[in-house]
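The primary structure of each chain is shown beneath.
There are 2 protein chains.
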Amino acid sequence: MSTGAGDSAVYQAVERGSLYSLDYRVFIKGPQGIVSPWHDIPLFANKEKSVYNMIVEIPRWTNAKMEMATKEPFSPIKQDEKKGVARFVHNIFPHKGYIWNYGALPQTWEDPNHVVPDTGAKGDNDPIDVIEIGSKVAGRGAVLQVKVLGTLALIDEGETDWKLVAIDVNDENADKLNDIGDVEKVYPGLLAASVEWFRNYKIPAGKPANEFAFNGEFKNREYAEKVIEETNQFWKNLMKEASPALNTISRVPEAAHQATDEAAAAAVQSTPEHGASAALPGDVDKWHFVQG
Amino acid sequence: MSTGAGDSAVYQAVERGSLYSLDYRVFIKGPQGIVSPWHDIPLFANKEKSVYNMIVEIPRWTNAKMEMATKEPFSPIKQDEKKGVARFVHNIFPHKGYIWNYGALPQTWEDPNHVVPDTGAKGDNDPIDVIEIGSKVAGRGAVLQVKVLGTLALIDEGETDWKLVAIDVNDENADKLNDIGDVEKVYPGLLAASVEWFRNYKIPAGKPANEFAFNGEFKNREYAEKVIEETNQFWKNLMKEASPALNTISRVPEAAHQATDEAAAAAVQSTPEHGASAALPGDVDKWHFVQG
Chain V
1 MSTGAGDSAV YQAVERGSLY SLDYRVFIKG PQGIVSPWHD IPLFANKEKS
51 VYNMIVEIPR WTNAKMEMAT KEPFSPIKQD EKKGVARFVH NIFPHKGYIW
101 NYGALPQTWE DPNHVVPDTG AKGDNDPIDV IEIGSKVAGR GAVLQVKVLG
151 TLALIDEGET DWKLVAIDVN DENADKLNDI GDVEKVYPGL LAASVEWFRN
201 YKIPAGKPAN EFAFNGEFKN REYAEKVIEE TNQFWKNLMK EASPALNTIS
251 RVPEAAHQAT DEAAAAAVQS TPEHGASAAL PGDVDKWHFV QG
Chain Y
1 MSTGAGDSAV YQAVERGSLY SLDYRVFIKG PQGIVSPWHD IPLFANKEKS
51 VYNMIVEIPR WTNAKMEMAT KEPFSPIKQD EKKGVARFVH NIFPHKGYIW
101 NYGALPQTWE DPNHVVPDTG AKGDNDPIDV IEIGSKVAGR GAVLQVKVLG
151 TLALIDEGET DWKLVAIDVN DENADKLNDI GDVEKVYPGL LAASVEWFRN
201 YKIPAGKPAN EFAFNGEFKN REYAEKVIEE TNQFWKNLMK EASPALNTIS
251 RVPEAAHQAT DEAAAAAVQS TPEHGASAAL PGDVDKWHFV QG
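Protein sequence lines, in the order shown, are assigned to chains V and Y. So in full-length UniProt numbering, spot 258 of the first sequence is number 258, and the numbers just go up one at a time. So in full-length UniProt numbering, spot 90 of the second sequence is number 90, and the numbers just go up one at a time.
No wet-lab data here; the hints were simulated from the structure. There could be a bad hint or two in this list.
List of simulated lysine to any residue pairs, SDA-like, C-alpha gap at most 25 Å [what the hints assert, rightly or not]:
#1 Y:Lys176 to V:Gln32
#2 Y:Lys185 to Y:Ser50
#3 V:Lys176 to Y:His90
#4 Y:Lys185 to V:Arg140
#5 Y:Lys185 to V:Lys185
#6 Y:Lys185 to V:Ala193
#7 Y:Lys136 to V:Lys176
#8 Y:Lys136 to V:Gln291
#9 V:Lys136 to Y:Pro204
#10 V:Lys185 to Y:Glu225
#11 V:Lys83 to V:Ser277
#12 V:Lys185 to Y:Pro112
#13 Y:Lys207 to V:Val186
#14 Y:Lys286 to V:Lys83
#15 Y:Lys185 to V:Phe93
#16 V:Lys185 to Y:Phe93
#17 Y:Lys286 to V:Trp61
With the hints as extra help, turn the sequences into a complete structure.
Shown next as C-alpha cells:
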C-alpha cells in the first residue's frame, strides 16, 4: 500500500450523533484535521492518475441510505431524510440491502445545469456515484483506492445519475479486472443483478421503475474515465463560484470559500456526541418480491 | 397470540460464552426453568395440531452455522465446529448468508438406522430442519409458531436431510400461505432460490453440489406432515432408549433419562458467562460466484 495523500490509512471516520437517526454524521479527519471528503480528498490516489479515491457512504448489505451532505460545511456523511424520517432502502429479493460498497468520487459534481449529450438528461447535483464490487465489506466513511472499470447511466427521475463500477486496488481479484468486460468473467451475474437492483429499488416505496440510457448497457473504462474527467471539471467550476447553492468550504487552494480549523471544529461541535444507535425500523428486515 | 406452552413468549434465550467462539451456547429457559429445546418444547403449538413450534438456530442473512447440540445435556444451541474452528457458511451470489430463518422442530429425530423408503437414504441423526420464510428476521433461540407448507428432500452426503418449508403464523402473509403451491404466488422465485442455495452452499468449502430426492421438487403440506409425524415417532422411541448415543435428558414424563433442576443449573454453569463476541473471520464477507 502507498502512503500518498489518497491512502485510506490517512483518513479516519469520526462518528457523531446516533446511527439511524437524523442527527448522525460521519466527519472525515485527515492529516490536516477535519476535511470535506467531497472537496478535500484528491480525486486521484496516484500520480499516474490510474487509481481514484472513493468515499464509502454505504457498506455492502446495509440498508441505511447515507450520503455526503452537500449543503453542510465539511460535507459529513448523513442519512438521507424522507418526510422527516431516516431513509432506508428496501430489500428486493434476492438481494439484501445494497449489493456493493456504495459511495462517491471526491472532487466531482454532476452539474444540474448541464445536459449530458449522450443521455439527454441533466446532472443530478451530486458527486458521481461508485459501486465497488470487491470481496470485502468496507466501513462507512472509509476511503478506498479504486480502479474504475466502467459505468452505467441511470436515469433517475429525469436526471443523469452515473453509477461507476470500480474495484478496490487491494482486492484479491483486482489484477483480473481492468475493464467492464472482465466483470462477467470474475463475477458472473453481478452486472445484470446491478441493473436489476437499480431498476427496482424504489418500487416498494411506490415509485416507478428507474430507467437507463444506452438500453441499460454498461460503458467501458475509457468512457467512464471521460465522464469522471468532465464531472471533475464541473466541480472545479463550482469551487470558484462566489455564491454556490451547495456548500463549497474547502481546504483546496483554488476554493473561493476557504476552510479554517475553527470552522471545522465548529461544524463538528454543532453535532451531538456519538451515542448509541437508534432502533432500526422493523420493516427494514422485510424482503420485497418485485416482479421484473 | 395464544399463551399456550408452545408460545414463543414463554421461552427465553439465555446466551453463554462468546458469540462466534466454540464456547458459545444458547440455553432455553421456559416456565419450568432451563429446558432442552429439542426434547422439552412441544412439537405442536396448538391443540388442533395444525401449528408447530420451531426453534430458530440461524437468523436470516447470518452466516454462523448454529445448531442444537444433540450430544450435550439440555441441547443448547452452539456453533458447528470444523477442524477446531467455528463454522460459517459462505455467501453464494446473489445470496447473503442463510436466506430464511433456519431451525428445527422439537421432539423430532431423523433416525440414522431408518432408510426413508421414498428417498432410499437413511436419516441424518438430527431433529428435522425447517426454513421459515416470513418477513421478519427471527432471533437466535427464538421459538416461533409456524405453519408447515411443504418439504424438500436434500440428500446431504448420502443422508436424507428434510428441509421443511414453514411460515410464522403471526407473519403478515401467513393467511395467504397454506400449502407449497402458495409460496410461488406470494414469494416468486424463493423456492427455486432455496433449491439453488442448498445445492451450492458447500461448494466453496471444496465439497460437491448437494443432491435432492424427487428431482429437487418440493412435496406438499400433507406429505410434510407425515414426515414430521414419522420423525416424531422416531424421537419418542429414542427417548425410551436406555443408552442412546445422543443426550436425551429431558423433563418430559416419558423420558428414560429425567432432567433435574440441579442438572440444568450444572449444564449452564459449566459454560462461561456471556461475554463479548469473538471477531468474525475476514472471509465471511466474501461473495462466492458459483456457476449453477
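Worksheet item: Is the straight-line distance between the alpha-carbon of Lys185 of chain V and that of Glu225 of chain Y 25 Å or less?
Response: 44 Å, violated
Discussion item. Tell me if the straight-line CA distance from Lys136 of chain Y to Lys176 of chain V falls inside 25 Å.
Written reply: 39 Å, violated
Discussion item. For Lys207 of chain Y and Val186 of chain V, compute the direct alpha-carbon distance and say whether it is at most 25 Å.
Written reply: 21 Å, holds
Fill in: Pair hint Lys176 of chain Y and Gln32 of chain V, alpha-carbon separation not exceeding 25 Å
With Cα atoms ~59 Å apart, Lys176 of chain Y and Gln32 of chain V exceed 25 Å; violated.
Discussion item. Can you confirm whether the C-alpha distance between Lys185 of chain V and Phe93 of chain Y stays at or below 25 Å?
Written reply: 14 Å, holds
Worksheet item: Within 25 Å, alpha carbon to alpha carbon, are Lys136 of chain V and Pro204 of chain Y?
Response: 16 Å, holds
Discussion item. With the threshold set at 25 Å, check whether the alpha-carbon distance from Lys185 of chain V to Pro112 of chain Y stays at or below it.
Written reply: Violated, because 43 Å separates the two Cα atoms, which is more than 25 Å.
Practice prompt. Measure nothing beyond the straight line between the CA atoms of Lys136 of chain Y and Gln291 of chain V; if it is 25 Å or shorter, mark the hint as holding.
Written response: Holds. Lys136 of chain Y to Gln291 of chain V sits at ~21 Å (cutoff 25 Å).
Worksheet entry | Restraint status (C-alpha distance of Lys185 of chain Y to Lys185 of chain V at most 25 Å) | 34 Å, violated
Worksheet item: Is Lys286 of chain Y close enough to Trp61 of chain V, meaning Cα to Cα at most 25 Å?
Response: 12 Å, holds
Discussion item. For a C-alpha distance cap of 25 Å, please report whether Lys83 of chain V and Ser277 of chain V respect it.
Written reply: Distance ~20 Å between Lys83 of chain V and Ser277 of chain V Cα, so the pair holds.
Discussion item. Next pair to validate is Lys185 of chain Y with Ser50 of chain Y; report whether the Cα-Cα distance is within 25 Å.
Written reply: 22 Å, holds
The structure shown violates the earlier hints numbered 1, 4, 5, 7, 10, 12, 14.
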